[in-house]
Amino acid sequence: MNMIMESTSPNQPVPLNMEGLDTPPLTLSQLAWRRFRRHRMAIFGAIVLTLLIIYALAGSLVYPESYANHTDTSLRLLAPSMEHPFGTDSVGRDILARTIYGGQISLLIGITAVIIETLAGILIGALAGYYGGWIDSLLMRITEAMLNIPEIFLLIVMAKFFGGNIPEIEFIGRTFSGSVIVIVVIIGLTSWMYLARIVRAQFLSLKENEFVLAAHATGTSNAQIIFLHILPNSIAPIVVSATLGVANAILAEAYISFLGLGVQPPTATWGNMLDGANNYLESAPWLWFFPGLLILLTVLSINFLGDGMRDALDPRSRAV
Amino acid sequence: MGRYIVMRFLQGIPLLLFISVILFTLMMNVGDPVATMGGRRAVRQTEYQRLRRQLGLDKPVYMQYLYWLVGNDWTQVDRDGDGIAETAGTRRGVLRGDFGVSLLNGKPVLEVIGERLPNTLMLMVASEVIIILGALLVGIYSALRQYSVIDNLLTGIMFIGYSMPIFFVALFSMYIFAVLFKRWGLPYLPTVGMFDPQVGKTTAQILWHMVLPVLSISLISFAAYSRYIRSTMLEVMGQDYIRTARAKGLPRREVVFIHALKNASLPIVTVVGLDLPLLLGGAVVTERIFAWPGMGRLFLDHVDRADMPVVMGILLLIAVAVILFQIITDIVYAWLDPRIRYDK
Numbered sequence: 001m002n003m004i005m006e007s008t009s010p011n012q013p014v015p016l017n018m019e020g021l022d023t024p025p026l027t028l029s030q031l032a033w034r035r036f037r038r039h040r041m042a043i044f045g046a047i048v049l050t051l052l053i054i055y056a057l058a059g060s061l062v063y064p065e066s067y068a069n070h071t072d073t074s075l076r077l078l079a080p081s082m083e084h085p086f087g088t089d090s091v092g093r094d095i096l097a098r099t100i101y102g103g104q105i106s107l108l109i110g111i112t113a114v115i116i117e118t119l120a121g122i123l124i125g126a127l128a129g130y131y132g133g134w135i136d137s138l139l140m141r142i143t144e145a146m147l148n149i150p151e152i153f154l155l156i157v158m159a160k161f162f163g164g165n166i167p168e169i170e171f172i173g174r175t176f177s178g179s180v181i182v183i184v185v186i187i188g189l190t191s192w193m194y195l196a197r198i199v200r201a202q203f204l205s206l207k208e209n210e211f212v213l214a215a216h217a218t219g220t221s222n223a224q225i226i227f228l229h230i231l232p233n234s235i236a237p238i239v240v241s242a243t244l245g246v247a248n249a250i251l252a253e254a255y256i257s258f259l260g261l262g263v264q265p266p267t268a269t270w271g272n273m274l275d276g277a278n279n280y281l282e283s284a285p286w287l288w289f290f291p292g293l294l295i296l297l298t299v300l301s302i303n304f305l306g307d308g309m310r311d312a313l314d315p316r317s318r319a320v
Numbered sequence: 001m002g003r004y005i006v007m008r009f010l011q012g013i014p015l016l017l018f019i020s021v022i023l024f025t026l027m028m029n030v031g032d033p034v035a036t037m038g039g040r041r042a043v044r045q046t047e048y049q050r051l052r053r054q055l056g057l058d059k060p061v062y063m064q065y066l067y068w069l070v071g072n073d074w075t076q077v078d079r080d081g082d083g084i085a086e087t088a089g090t091r092r093g094v095l096r097g098d099f100g101v102s103l104l105n106g107k108p109v110l111e112v113i114g115e116r117l118p119n120t121l122m123l124m125v126a127s128e129v130i131i132i133l134g135a136l137l138v139g140i141y142s143a144l145r146q147y148s149v150i151d152n153l154l155t156g157i158m159f160i161g162y163s164m165p166i167f168f169v170a171l172f173s174m175y176i177f178a179v180l181f182k183r184w185g186l187p188y189l190p191t192v193g194m195f196d197p198q199v200g201k202t203t204a205q206i207l208w209h210m211v212l213p214v215l216s217i218s219l220i221s222f223a224a225y226s227r228y229i230r231s232t233m234l235e236v237m238g239q240d241y242i243r244t245a246r247a248k249g250l251p252r253r254e255v256v257f258i259h260a261l262k263n264a265s266l267p268i269v270t271v272v273g274l275d276l277p278l279l280l281g282g283a284v285v286t287e288r289i290f291a292w293p294g295m296g297r298l299f300l301d302h303v304d305r306a307d308m309p310v311v312m313g314i315l316l317l318i319a320v321a322v323i324l325f326q327i328i329t330d331i332v333y334a335w336l337d338p339r340i341r342y343d344k
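Line order of the protein sequences matches chains A and U.
Going letter by letter, the first sequence gives residues 1 to 320 in our numbering.
Going letter by letter, the second sequence gives residues 1 to 344 in our numbering.
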């Protein structure tokens, strides 16, 4: 639509005659998809990520969870072999099976933490940008204060704060360590700041537009203007930021679990499989190699994907 | 400009107060310092209560915060722990430069931090220098030869480095340069600590032990920096004044390093300025892996035992550094770019 409007006189909108065109004009999502497809790295990232998800999900059909958590000290620290392709850990658990179940938890944490992060970021950024004034000042001071402490320190303090004895939880017939929820919440609560700033900037510029004025004039409520009129127009940077946020959340989980403050065993994550692995640096490198490699691959492919999406969704980019 | 700087400093004060309130409240619930106190383990309930009173932990949170912030020399404290406040307090509070004493070993907080600070700075300054120099080199090269084979290769490597968890780089480099090199009979690098206790704390030893941690830290941040330099250089190289400089026949080196780099360095200054203070505590994980006795490990050790004064000291120090560097960055930015004027 835009492309045709631009080519004609802006004063007299010409009625569109779709039949007269050789090809129908591309919608914005079609344009984005075309640009995304060109981005070879992003396609590569999407494929690897799909494979990793299949690995984590389909793998649980091969190995039962009880096998992943089964300890047998007579099998401790076995090198990779036919029976245990990735070797066994310091209490004799099969590492391949643990990377499968650990992957499910790591990916789950990445996605759910980003949902919290995105909700918090949108809410705070939207309120600050839309209302301005003292609400804006207050919310932005909180954002600034949170940004002044490096994330890893906040994560550690919060992990200690919410840690302690958390009961195990039952979910879809499986038992998880309650620390999974704690980690999701604290990662979400310590990472929303950049998104809030992005959303605020979007709202600041969008709220001056005529369509917002028109909505006000027709008596639309503030909530409707925020969520139905302005928010859909700022969705592109939010989607990109959320995609990259998944990678950061997976990394954050890995760091905090590596320090022994994250998800508690027996529930495996890629991060807590690495906890203590540096004690076996020389004798059992497979302890840290496989989970580390899986984290790297996941984060890398998400970053590629996010990079491609940023290029594809950039409204200033008009390359087809 | 002067007014602007004063304004920024004044704005920093409520921000710091706000941060300290949040952190103090969080710290109140991270664990029981009395229960984890080494040596002076309180066995009986009465003794436990006495210790808590002696440390002032029986007071409500806001009173503890007040004592921490402005000191308690204006009131009576319970020195012997019998429940009656009889001795005049001696703490002068953070506002007067007294960060209190560690609950673990009774040493003043600033002394505890001061012992570790140089170790962290050593590691971090070395890494930052390597990061900036390396990133400039790679970033400029990539920008000048955009989409060449080497540029694509470097871009790929940078993406991997950017996505790499630091412990993976650290463990990987430890395995190659320490374990495998030792196995192959090559000179191998040490993996833990700052120096070999049998040799002593000599400069050569410390440098030798710094190689692997510095390598790991550099590899991670290097990636992000060089991507950034590449994109700003690309942007600048497309400007009209660069074309003019080329058209009038200036040597390529002069165009790149004087005309282009000077302008491309503006955004880089911001990134470096905002990243520098984070270095103070930025390597919690690295210091843990390499058993480097720096601030990050100090933080981990003391947060584990809920040693509130030391943990608060470290976090506040970092927050102050962040604010200070933001102001410095703004000033440097204005100095580099004459178009920017903060005074209205």
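Honestly, the hints are just simulated from the structure, not real lab data.
We treat Cβ as the ideally placed atom computed from N, Cα and C, and that holds for glycine.
Mixed in with the good hints there might be a few duds.
[To be verified] Quick list of the computed label-pair ranges, beta carbon to beta carbon:
(1) A:Glu208 to U:Arg8: 46 to 56 Å
(2) U:Thr203 to A:Arg141: 28 to 38 Å
(3) U:Arg8 to A:Ile142: 13 to 23 Å
(4) A:Asp72 to U:Ala224: 22 to 32 Å
(5) U:Gly2 to A:Pro232: 40 to 50 Å
(6) U:Val320 to A:Tyr280: 47 to 57 Å
(7) U:Ile328 to A:Val239: 47 to 57 Å
(8) A:Leu61 to U:Asp58: 49 to 59 Å
(9) A:Pro232 to U:Leu153: 48 to 58 Å
Each hint tested on the structure:
1. Taking 46 to 56 Å as the suggested C-beta distance range, the pair A:Glu208 and U:Arg8 does not conform, at roughly 28 Å.
2. Checked against the hint of 28 to 38 Å, the C-beta distance between U:Thr203 and A:Arg141 comes to roughly 45 Å, which is inconsistent with it.
3. Here the CB-CB span from U:Arg8 to A:Ile142 is close to 19 Å, well matched to the stated 13 to 23 Å.
4. Between A:Asp72 and U:Ala224 the CB atoms are about 43 Å apart, so this pair departs from the stated range of 22 to 32 Å.
5. One distance hint, 40 to 50 Å for the beta-carbon pair U:Gly2 and A:Pro232, holds here, with the actual separation near 46 Å.
6. The hinted range of 47 to 57 Å is not satisfied by U:Val320 and A:Tyr280, whose Cβ atoms lie roughly 40 Å apart.
7. At roughly 35 Å, the beta carbons of U:Ile328 and A:Val239 sit outside the given window of 47 to 57 Å.
8. Against the hinted window of 49 to 59 Å, the Cβ-Cβ separation of A:Leu61 and U:Asp58 comes to about 56 Å, which satisfies the hint.
9. In this structure, A:Pro232 and U:Leu153 break the distance hint of 48 to 58 Å, their C-beta atoms being roughly 40 Å apart.
When the structure is compared with the earlier hints, violations turn up for hints 1, 2, 4, 6, 7 and 9 and for no others.
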